[in-house]
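Q: As a plain string of letters, each chain reads:
There are 2 protein chains.
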Amino acid sequence: MSKVSFDNRLMFTYESKSFPGVNKVAALVRQDIFLVTGFHAGEYKKSERCKNLIIFGTVDKSDYLKDLEEKGLLDLDEVRGRWEVYSFQVLDNPWDGVDHALVVAGSDKRGTIYGLFHISELLGVSPLVNWNHVIPKKRKNVFLTDEVSFISKEPSVRYRGFFINDEWPAFGNWAMEHFGGINAECYERIFELLLRLKGNYLWPAMWNSNFSMDGPGLESARLADEYGVVMSTSHHEPCMRSGEEYRLLRGENSLYGDDWSFISNREGIIRFWRDGLLRNKSFENVITLGMRGERDSKILGEEATLKDNIDLLRDVLKTQNNLIRETIDQDLGSVPRQMVLFSEVEEFFYGNDKTRGLMGDPELDGVTLMFSDNNVGYTRTLPSKEMMDHPGGFGMYYHMDMHGGPYSFKWIGSTYLPRVWEQMTAAYEFGVRQIWVTNVGDIGTQELGLSYFLDLAYDIDRWGGTDAAITEEYMNSWTERQFGAMLPLSGRNRIKKILWDYTSLLEKRRHEIMNADVYHPLHFGEADMVLRTSGEILKEAAALKKKIEPEDMSAFISLLYYPACGTANLMKMWILAGRNKLYARQNRIEANSVADELDVCVRCDAELIDEYETVDGGYYKGFGRSEHIGFVNWNEEDDRYPLRHLVYGANSPRMLVARADDEHYMTGLEWCDRPQTWSNMLRPDVDKVEFDLISGSDKPFRYRIKTDCSWLEFSKTEGEVSVRERITLSVNKALLDDKVTGTFEVENIGYGTAHVTVEAAPPLAPEGLFLESDGYICIEARHFFTRKDTKAGAFKVLRPYGRSGSAVKAFPSSTDFFGKKSRPSLEYRFCARENGQYELTFELAPTTPVTFDKGQFLGYSLNGSKVKIINTVKQPDRPFFQSVQWASEAKENVKKVTDTVKCVRGENTLTFYGMSPGIVLEKMVLVRQDVVLPQSYLGPRESYINLEGNLPEGFQEEKNE
Amino acid sequence: MSKVSFDNRLMFTYESKSFPGVNKVAALVRQDIFLVTGFHAGEYKKSERCKNLIIFGTVDKSDYLKDLEEKGLLDLDEVRGRWEVYSFQVLDNPWDGVDHALVVAGSDKRGTIYGLFHISELLGVSPLVNWNHVIPKKRKNVFLTDEVSFISKEPSVRYRGFFINDEWPAFGNWAMEHFGGINAECYERIFELLLRLKGNYLWPAMWNSNFSMDGPGLESARLADEYGVVMSTSHHEPCMRSGEEYRLLRGENSLYGDDWSFISNREGIIRFWRDGLLRNKSFENVITLGMRGERDSKILGEEATLKDNIDLLRDVLKTQNNLIRETIDQDLGSVPRQMVLFSEVEEFFYGNDKTRGLMGDPELDGVTLMFSDNNVGYTRTLPSKEMMDHPGGFGMYYHMDMHGGPYSFKWIGSTYLPRVWEQMTAAYEFGVRQIWVTNVGDIGTQELGLSYFLDLAYDIDRWGGTDAAITEEYMNSWTERQFGAMLPLSGRNRIKKILWDYTSLLEKRRHEIMNADVYHPLHFGEADMVLRTSGEILKEAAALKKKIEPEDMSAFISLLYYPACGTANLMKMWILAGRNKLYARQNRIEANSVADELDVCVRCDAELIDEYETVDGGYYKGFGRSEHIGFVNWNEEDDRYPLRHLVYGANSPRMLVARADDEHYMTGLEWCDRPQTWSNMLRPDVDKVEFDLISGSDKPFRYRIKTDCSWLEFSKTEGEVSVRERITLSVNKALLDDKVTGTFEVENIGYGTAHVTVEAAPPLAPEGLFLESDGYICIEARHFFTRKDTKAGAFKVLRPYGRSGSAVKAFPSSTDFFGKKSRPSLEYRFCARENGQYELTFELAPTTPVTFDKGQFLGYSLNGSKVKIINTVKQPDRPFFQSVQWASEAKENVKKVTDTVKCVRGENTLTFYGMSPGIVLEKMVLVRQDVVLPQSYLGPRESYINLEGNLPEGFQEEKNE
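Going line by line, the protein sequences match chains V and S.
Per the working numbering, the very first residue in the first sequence carries number 23; after that it's consecutive.
Per the working numbering, the very first residue in the second sequence carries number 23; after that it's consecutive.
All the pointers check out, no bait thrown in.
Just so you know, same-sequence chains aren't split out, so a pair can sit in one copy or run between any two.
Here are the computed lysine-lysine pairs in the DSBU-like style, where the Cα-Cα straight-line distance is at most 35 Å:
hint, residue 1, residue 2
1, Lys320, Lys376
2, Lys876, Lys813
3, Lys843, Lys810
4, Lys721, Lys643
5, Lys93, Lys67
6, Lys710, Lys738
7, Lys728, Lys320
8, Lys721, Lys561
9, Lys39, Lys67
To be clear, the hints were calculated from the coordinates, so they are not data collected in a lab.
Make a model of the complete structure from these sequences and hints.
A: Put into structure tokens, the structure is as follows:
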């Protein structure tokens, strides 16, 4: 077996005819090898004796490779002419005096680079080695055998990259601090990161910076080309010139005129574009076409018609294509170009009934049509069947950072991998395969999401598919790559959990739009859940931190501790803010101590940022600066930290009695108290109720609990309460024959008595039916009774997924089952207490329609009735993007569709059908018409189901877990 | 000129045949004389030599008087047989050896007592001398000449008294502290107070106390009779037995049975009543008839019909009358009896279309029908024309303290004299002249209101009438009586102002129902007004306090300092709470210092109570104990002190720019700021706008104000703001020819710029028309253009009156102008900016209809159109009392009636007609239909009117002031 050892005799070839960028990357890999082995690899000189040699090169740019091919030791035809492919071979004795060799042969510049970085990967070096200072594990006796030999595939997506955007205050300050500006020195770090992550494409920063001017000069662009990084400009900056360039160069006496208008200053603008194309023509680019207004605004005023806009854009496209022919290549088809259907440009592309859009316009032939997401990670329209063979293909501009509507999120990376997996895998299925670009803001703390995005784009077969659990696998492997050297497996497993936990919290609600009113402080225990999760993150992360060596602290803080604790602390802070507000409103004396805890969180937020920005000699300085607390506008303007509410205690001992999950309380006072009835123990799986005895005064109260009911038990029946005491009331259901009703009272001794009626029932329930209690039935979509697949498709469970943790979706993703005769379906069974009307709410992922006709349909039937089809788009007469629905769904990360149904008392069957693409169902809630559910963000917990008989299909997989 | 000197030779007659109570009062008067003169008056023995003698007695109970009458020195026929009348004569040499005499001859026991107390009155002794320890001014050479001789009138109202009620925790604790219970010793103090205030009638305390059992035994009742105090029981306690008596005496083996039910325990209840009548028959009483449920609840359940209730009551009345015949007097007509139409009993009295009520029932012959107020001081139904000659006459049960709906007020007396004047004077006019009783709670701090109520009942000719200014005269004389010895005139004048100011604040809103949301913290400067008034009270009262001698402190604290400062501090506290809340919501850093000021007020409240309860050796101990802060129910249950909201400053210097009277603000930030237009300088009398530069951060901001407009002037144009800076923008209107528009900007240097547009106009306006500005026209009702009187009646201005300070009302109060051909009217003229719809709101005193048919009408016409008549009762299908309208009007102390009118551009004439009784108009507001007035409690300030031409009639009086 051939074998090359990474010992002190390891050498690298060097050829001056190689791409300079390839040689630079080889140097990076030699550094990686040193980090692992402690040996500096030498530079091989032809005919030298060498024990272990790494031969690398690009087809037709390497004499060594040519020689090996001629000798028949290497078959370069397997890579030649292909896109970004490399062969990776371990050979013995390629030449005299060379004992063992690893040959990396790239089909092109980037093929070779990816091949070289593959060495690092095999040695366990993280792509973030230089970006986050992830120090690889030191190893002895490192070698590779020919078991690693292989030929790489062409990447799934041709152009894969990211967009540095919204760069102030974070990225901008970071760059100023370390490089004196957003210049070539700065970009070299970015290029390396991009390439190590298997990307190849970049949209540079453009808020007050000019990629092709600030290098200085063209230096950044030249360096990109050297590294094989394909450059473009952002979605609204045509012809390789940044928007800010025009602001700098315009003027009364400017060649380019003084108006960013293709109407009033056509000649100036054309000249501006032409000069840009000429300037950057020698580099590998994808040229943006089209035109928007300055600073990413609308190109024409509000009074312009759709036709005005489309006519203008048509003229612009024609002009730009002509300029490209004139300056770069008469064969336009060979020049990569893109047009981005961002914001209102989507409308201009599709047009409407009266006005033909740009779709199908010959000027777009060969132009990659870049679709975009809804600003928060759900794709908008996708290629339709008719568009499928569009020459130029399709791209996607995807946000992991946003400065704009419906809300900005620029602080800690908030990407939840399953969302990216589901949306981008579907987009790929829809044919979006030419360009993937993700907006990562300042990059700092976006590393996890960015890694996945680029790995998915590079190899969708590996990281895509129809099983959401692949994202767990990815997270595990990512954790191993970053933390493998740092912590033992037990610690890494804790990291995996923390990563899931904090990104799951963000999937429920992002940082910036958290506030005291999102989660209800008590109802359904949702605030408790957030507090518990946050508390565990903070505790676990702090415990792990103690085990981290100083040299690993940079990676640990930046990739785990800061984003996880920053998130957890912020969530905790807002939950406490909500509690403080509610407690204060109810005059609970505890409000004051909660205010103090809240204050600790506010200070902790600043401390976490400070720690992130000072660790590793201030390496991340700048990255923590984005405002992130209490947005009241779409951006940070007028944002505010939580309020603290302080109460004065009542003048006499005051008791409040409340169920732990209910904001309603009793005082036991004589005139205005409302006795309560607690019915939740009618639910078969509930035999306990927790309730609180709460003080509304600085003077403690003494209480006594009394009951005549033998079946009621209390964890405590008397005492004194200064702040709050939790009591557990339990019912020994084994003693019950039938539904029972009893009462108990809580006396605030000397001041009054609160009266509670308790209802309970034995734990009897029909098998396999979700059971109504407290007036509702809640079913998680994955818990279907039976599943019906058809030839056309089938439902699958997505898990993990969405704000509730799981969902179902009909595959294939791109199939529209609406018009199909047979549709896949899922059947749910439940038991209603009454004949009568129920409000049925479907909670869906907040996807947007894949077509521009504003229809996205779901279908269901109840008890075998005709299939009812509902358009989930609430205002089909206007574009979905930027609608009220879009904004609220994007914030809450849920689409709620409600209908009224008639249930029968007893068993009911609800069937959910595959219908429009993009329908992803998380759960369903039926509420009896006379019932008002307690206000909450996440809704009620799932209803009880008796699983003793034949296990419903939706539970079978879980049963095996 | 005859003359009696109060020197060391002054003596009092003593006759053992006198009423013992009269002799006791004589002793009190002798004590008063000692306080003034320093001389103890001796006791005269018949035939003794005496320089100065006070002869007192009751017609036919005094040998001295008989002798003088026989001698022709006294004409007792002038008083004989009359009700509570006395003659007061200065004589020389009535008998040998007696040089000078003052003869006080009463027609009856109380006539003599009032005559004796008249001596104290003439000496400047306050009726509160022993109640509040108002120490009279020491005087030398005191004498009375025959100029003071006169014969008193019969009192206007036959029975005049008060009700000690809602006595826990205040009165109860006071009585326990000083007398060990609510017993005869305690009542003796009350009887003296009542008689000195010229009252004669008392409803005793009945929460857990029993007047006829706790004396001990009948001692209190006996003592009352001795003093001539006529006793009754409260409105729901028949036959001279308190409600609590039944609770004590009932039981399984009780003679009285064990159920307060006239259905199931008829015999027991009858026996209970009979025994009560027998027990108290020898005393002077007014016997309550009727029956309610225990503890003042409904007698029958909710399911009982109106007829059930009426039939039951008819049976009860008949039974009670028979018992009275049996036990007291066959001649029922000679036995004073009352039935109180309180709460739902009013319905039983009137009945409805289908069910005849008790009205006109023969069992009510000779029974005084007691009407009542709406619980907050506005009378409910009053005797109708048909009822007028009801034998037994009418009474009024009036609340100056309330424990019940719509809200309780038990703390500091909150009576505003003009309300009592207007309502009780009208009631008198309606024939309510037999009994007046006011509920004064614990009496403490109710002294002012109670004094007026009893003085008005005693002499309505003196203190009633149609000019509200009589209440100012009363307040002045009351102030002189209490503080005349304590402070010089300048100080007493300050006291008069304080008294008006604090009771005016309470007329706008009572203590218990104040909260942070009543007054808007900024709009229309209403919070500033409350803060200013409160601040002045606190400052002035503190300054006066320094001048008070220790021995006067008891009266000063109890009658002025505590009620005034307690009120002012509470009002200030809530205004600060509202500011704190708004400031916090807007992230003004000032919120935190306002929270600190608020905290000072909370502590001050406790300190003021403590001072009141400890002054004068703890004499008022108990009286301060009623809860009074932040009621959220009708009573104090679950009440809460204000919240304090604390903010964190923004991370960077943040500017807020806002008009001082507007909650809307600008930040000057780039994306989300909304520039403002300030139009208030279009109003002719406005040439200044105050605005605030406010910090939203702990980091101060630096500002610069810039404008191109030469006519805009700023009090300051640059500086640094840490908390808030007020800037005055002024316009030199003399420079303006026409309406102008200009702009200015305020830069938060380095962070943004706010933009303001200013509109201004020259001060030109048509004469005599109220002018629209900011979209509204507001007219105070007293500012009519012309007044039209008719034979039937005329409008008069009431001032001071109501929450706005003035009003108009058509007199006579009891006339219903609805059906009259000619009605008195007032005409208002105003200028509207537009042709179009305006919302016209009449702000009226929250009176209730005087009849039970739920109609209370106002009438108006605009520009000569037909008179539009509106029923101010919003739900005429249900009783007004306890309606939603009743509750909200009672809290806000205003009735708002809104209609939509069409105005013409330019001059409009609005005529307001006399219509139903009880209509009292305070102001009118017209709002253009597209305008939303800023939220406020008191509404906008009055519109501008150019008064240069012929002065509108409504202004003429003010012009002369």
